[in-house]
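Going by my numbering, the sequence shown opens with residue 1, and the numbers climb by one from there.
Bear in mind the hints are in silico, worked out from the structure with no lab data behind them.
Some hints here could point you the wrong way.
[As the list claims (entries may be wrong)] Lysine-lysine pairs mimicking BS3-like chemistry, simulated, CA-CA at most 25 Å apart: (1) Lys395 with Lys432; (2) Lys432 with Lys449; (3) Lys144 with Lys395; (4) Lys294 with Lys324; (5) Lys397 with Lys458; (6) Lys562 with Lys586; (7) Lys480 with Lys526; (8) Lys268 with Lys294; (9) Lys432 with Lys463; (10) Lys188 with Lys214; (11) Lys459 with Lys480; (12) Lys268 with Lys245; (13) Lys459 with Lys397; (14) Lys586 with Lys605; (15) Lys586 with Lys566; (16) Lys458 with Lys480; (17) Lys245 with Lys284; (18) Lys284 with Lys548; (19) Lys458 with Lys548; (20) Lys526 with Lys284; (21) Lys188 with Lys245; (22) Lys395 with Lys349; (23) Lys459 with Lys449; (24) Lys64 with Lys90.
[What the hints assert, rightly or not] Distance windows between CB atoms, simulated: (25) Gln70 with Gln228: 56 to 64 Å; (26) Glu470 with Asn331: 28 to 36 Å; (27) Asp573 with Lys395: 23 to 31 Å; (28) Lys391 with Tyr187: 44 to 52 Å.
On a predicted model such as this, the values are computed, not experimentally measured, just so you know.
Backbone N, C-alpha and C define an ideal beta-carbon position, used for all residues, glycine too.
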Amino acid sequence: MPVLYAMTAEGELMKTRTRLWKLLFACIALCCIIPTQDLSAVVRKKKIPLAKEPLQISEAVYDKAWRDFQVGNKKEKAEVIKSLRAIARKAPEEFMAHYYLGIMISQEGSPAQALRHFETALLGFPKSADIHVRMGELLDARNKSDDAIEHYESALALEPGNGKALARLGMAEFENGNLKEAHDMLYKARQVLPDNPEILRGLGSVMIDLGSTKEAIEVLEQALLFDQKHAETHWLLAKAYESAKYSDKAAEHYELARKLGRGVPEIKELIGYDLARNLDKSGKIESAIAEYKKEIRKNADPATGYFELARLYEDTGKDEEAIKAYLQAYNTNKNFSEGIMRSAEIYIKNEDFDNARNFLDMLRRDPKYGDQARLEIEEIEKEMKKLETHKLENKLKESQNTDADIEDTYYTMLSINKKDPVAIQGLMDYYKERGYYDQALHWFREYNKINPTTAYNKKLIEKDLKHRLELDNYTLFGWKLSTNIKVYRLDRNRNSRVTREALSSKTPTAGDSDMMNIAFMALPFKDSRTADDNLLNLAFNGEHDRLKEVAFYVLLTRKEFKKDRKINEGLLDFYAERGRTEEALKCVATMRRLGFYTASEAAYKRDKLRGK
Numbered sequence: 001m002p003v004l005y006a007m008t009a010e011g012e013l014m015k016t017r018t019r020l021w022k023l024l025f026a027c028i029a030l031c032c033i034i035p036t037q038d039l040s041a042v043v044r045k046k047k048i049p050l051a052k053e054p055l056q057i058s059e060a061v062y063d064k065a066w067r068d069f070q071v072g073n074k075k076e077k078a079e080v081i082k083s084l085r086a087i088a089r090k091a092p093e094e095f096m097a098h099y100y101l102g103i104m105i106s107q108e109g110s111p112a113q114a115l116r117h118f119e120t121a122l123l124g125f126p127k128s129a130d131i132h133v134r135m136g137e138l139l140d141a142r143n144k145s146d147d148a149i150e151h152y153e154s155a156l157a158l159e160p161g162n163g164k165a166l167a168r169l170g171m172a173e174f175e176n177g178n179l180k181e182a183h184d185m186l187y188k189a190r191q192v193l194p195d196n197p198e199i200l201r202g203l204g205s206v207m208i209d210l211g212s213t214k215e216a217i218e219v220l221e222q223a224l225l226f227d228q229k230h231a232e233t234h235w236l237l238a239k240a241y242e243s244a245k246y247s248d249k250a251a252e253h254y255e256l257a258r259k260l261g262r263g264v265p266e267i268k269e270l271i272g273y274d275l276a277r278n279l280d281k282s283g284k285i286e287s288a289i290a291e292y293k294k295e296i297r298k299n300a301d302p303a304t305g306y307f308e309l310a311r312l313y314e315d316t317g318k319d320e321e322a323i324k325a326y327l328q329a330y331n332t333n334k335n336f337s338e339g340i341m342r343s344a345e346i347y348i349k350n351e352d353f354d355n356a357r358n359f360l361d362m363l364r365r366d367p368k369y370g371d372q373a374r375l376e377i378e379e380i381e382k383e384m385k386k387l388e389t390h391k392l393e394n395k396l397k398e399s400q401n402t403d404a405d406i407e408d409t410y411y412t413m414l415s416i417n418k419k420d421p422v423a424i425q426g427l428m429d430y431y432k433e434r435g436y437y438d439q440a441l442h443w444f445r446e447y448n449k450i451n452p453t454t455a456y457n458k459k460l461i462e463k464d465l466k467h468r469l470e471l472d473n474y475t476l477f478g479w480k481l482s483t484n485i486k487v488y489r490l491d492r493n494r495n496s497r498v499t500r501e502a503l504s505s506k507t508p509t510a511g512d513s514d515m516m517n518i519a520f521m522a523l524p525f526k527d528s529r530t531a532d533d534n535l536l537n538l539a540f541n542g543e544h545d546r547l548k549e550v551a552f553y554v555l556l557t558r559k560e561f562k563k564d565r566k567i568n569e570g571l572l573d574f575y576a577e578r579g580r581t582e583e584a585l586k587c588v589a590t591m592r593r594l595g596f597y598t599a600s601e602a603a604y605k606r607d608k609l610r611g612k
């Protein structure tokens, strides 16, 4: 067995050597027949993938795409967008493609898609202020102003001089009431983008609210150069001119704004009653009335229109129309109860006390506060009489009071207490100092009833006042007025017309003690014999007010002075200096009728007299 085993092992070794030689020859043969690359493929067991080279898109490709988009029709633009989308799909990291897609889709497609592309572009260009601004514009268009503001702030942080970011953030400050900050930002934006009308309009709006109307007008006129038919620009200009008290120009631009913005409800709402108000201020009363009537029919707040129309009627002496409009305002909106009070005052002025009481009762019957109001009014009226009297006495001590203020205060005191000795004595002294001796005599007699003096003193005082009046009348009229004249009840408003009885020496009802109580307008102005020069001297240099006032009225009855500017204006100044606004307003109306004032000058005078 060992020998056999040895012979067998040696034979197997020989066989193995033979097989190795055969395998070696086979490999040599393969190397000679198969190419080297194929041989490597046979030998390699597993294929390892190689990294792709990045897609390289030149700047020229994007420039051409943008040019084609700008000049192309709708179909061609869609093709450009499609080609850029293909690039973005192949190379998502090609951020420039996303940037251009954001711009193009924002103009032609979905804002939401455009935002997504800009967000991707922002990953590649994190310091691009332009992308932030474009995203802000898209978010603003979708009414997401808070998100938009964040992007504008980011843009401004990256580029402090970015005009669009400055403009939008400036308008945001304006909307929040931060006028100074808004002005600073919009002013810088204008320096960067001087030809941007939206920035100019925003800056003009801020300047109006800051009171810089002159500068606002200049800026808005510049904005108008870019678009003469822009309704909002005309509206802003109208506001600026209105603030600067150029009512004519304001009305002109309000009319243009309404005409150009006929299809824009917001413009109509913004104008509202402003056009009518400026027509009124510019003296175009009838046009203002017509505009108010037209606007009331379509305005969401007719009550305001009725109330302002009523004020216009009242100012022009149309009492019936004023009362009717006040009532319409109150019926439309109970908050306009002031109109009912003013209506009552008109009735009181016209001595129509029944209607005045009816209007006042309307306020007492208020369904919500009527019972409470009636109870409180009864209690307050008693206490208010004492407080009002004390308040009026203190008012008389003020140095800035006009003559009209003093006179009105005394009469108000008398309305509270008809026998107030302070008011009666005050009126007596007031009229005596100003030469209205007839009224001074009246109030002396009233005062003597509550604080009687001796009969002798009473006679001396009455004689002195009568004598002074006779001397003044002789100076003014050149003849002694008849002492037998029908007695007139004193009228507080001496300019109210009263029927003048024929002067007669046969009137038995009048005595010496009553002959002074002649209504002012009943004086025989036309019958004066005094020379013109003397009257002119009295009108402008008279010793006291009555001499001046009567001299003016006498001169105005004479043909050569009736339309004389100096005389009419002198009477206007006389009333204005004494605070007698009602009489002064009538003089303004006369000056306007005679052509001495333009409509705007008359409106300015009226506003000044009313303290506006």
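Hints, one by one, checked against the model:
1. Lys395 with Lys432: Since the Cα atoms of Lys395 and Lys432 sit roughly 21 Å apart, the hinted pair holds (cutoff 25 Å).
2. Lys432 with Lys449: Since the Cα atoms of Lys432 and Lys449 sit roughly 18 Å apart, the hinted pair holds (cutoff 25 Å).
3. Lys144 with Lys395: Violated, because 58 Å separates the two Cα atoms, which is more than 25 Å.
4. Lys294 with Lys324: Holds - the C-alpha atoms of Lys324 and Lys294 are around 17 Å apart, at most 25 Å.
5. Lys397 with Lys458: With Cα atoms ~29 Å apart, Lys397 and Lys458 exceed 25 Å; violated.
6. Lys562 with Lys586: 15 Å, holds
7. Lys480 with Lys526: It holds: about 15 Å lies between the C-alpha atoms, which stays within 25 Å.
8. Lys268 with Lys294: 12 Å, holds
9. Lys432 with Lys463: Holds, at about 13 Å.
10. Lys188 with Lys214: 19 Å, holds
11. Lys459 with Lys480: Answer holds: Lys459 to Lys480 is near 21 Å, not above 25 Å.
12. Lys268 with Lys245: 22 Å, holds
13. Lys459 with Lys397: Given pair Lys459, Lys397 is violated - Cα atoms ~31 Å apart, limit 25 Å.
14. Lys586 with Lys605: The given pair, whose Cα atoms are some 11 Å apart, holds under the 25 Å limit.
15. Lys586 with Lys566: 16 Å, holds
16. Lys458 with Lys480: 24 Å, holds
17. Lys245 with Lys284: Answer holds: Lys245 to Lys284 is near 15 Å, not above 25 Å.
18. Lys284 with Lys548: 34 Å, violated
19. Lys458 with Lys548: Not satisfied, since the Cα-Cα distance of roughly 29 Å exceeds 25 Å.
20. Lys526 with Lys284: 35 Å, violated
21. Lys188 with Lys245: 29 Å, violated
22. Lys395 with Lys349: 24 Å, holds
23. Lys459 with Lys449: Holds - the C-alpha atoms of Lys449 and Lys459 are around 14 Å apart, at most 25 Å.
24. Lys64 with Lys90: OK: Lys64 and Lys90 at ~19 Å, within 25 Å.
25. Gln70 with Gln228: 56 to 64 Å: Between Gln70 and Gln228, where Cβ atoms are some 27 Å apart, the hint is violated.
26. Glu470 with Asn331: 28 to 36 Å: This hint is violated: roughly 56 Å between Cβ atoms.
27. Asp573 with Lys395: 23 to 31 Å: 25 Å, holds
28. Lys391 with Tyr187: 44 to 52 Å: About 49 Å separates the Cβ atoms of Lys391 and Tyr187, which means 44 to 52 Å holds.
Comparing the model with each earlier hint shows violations of hints 3, 5, 13, 18, 19, 20, 21, 25, 26; every other hint is respected.
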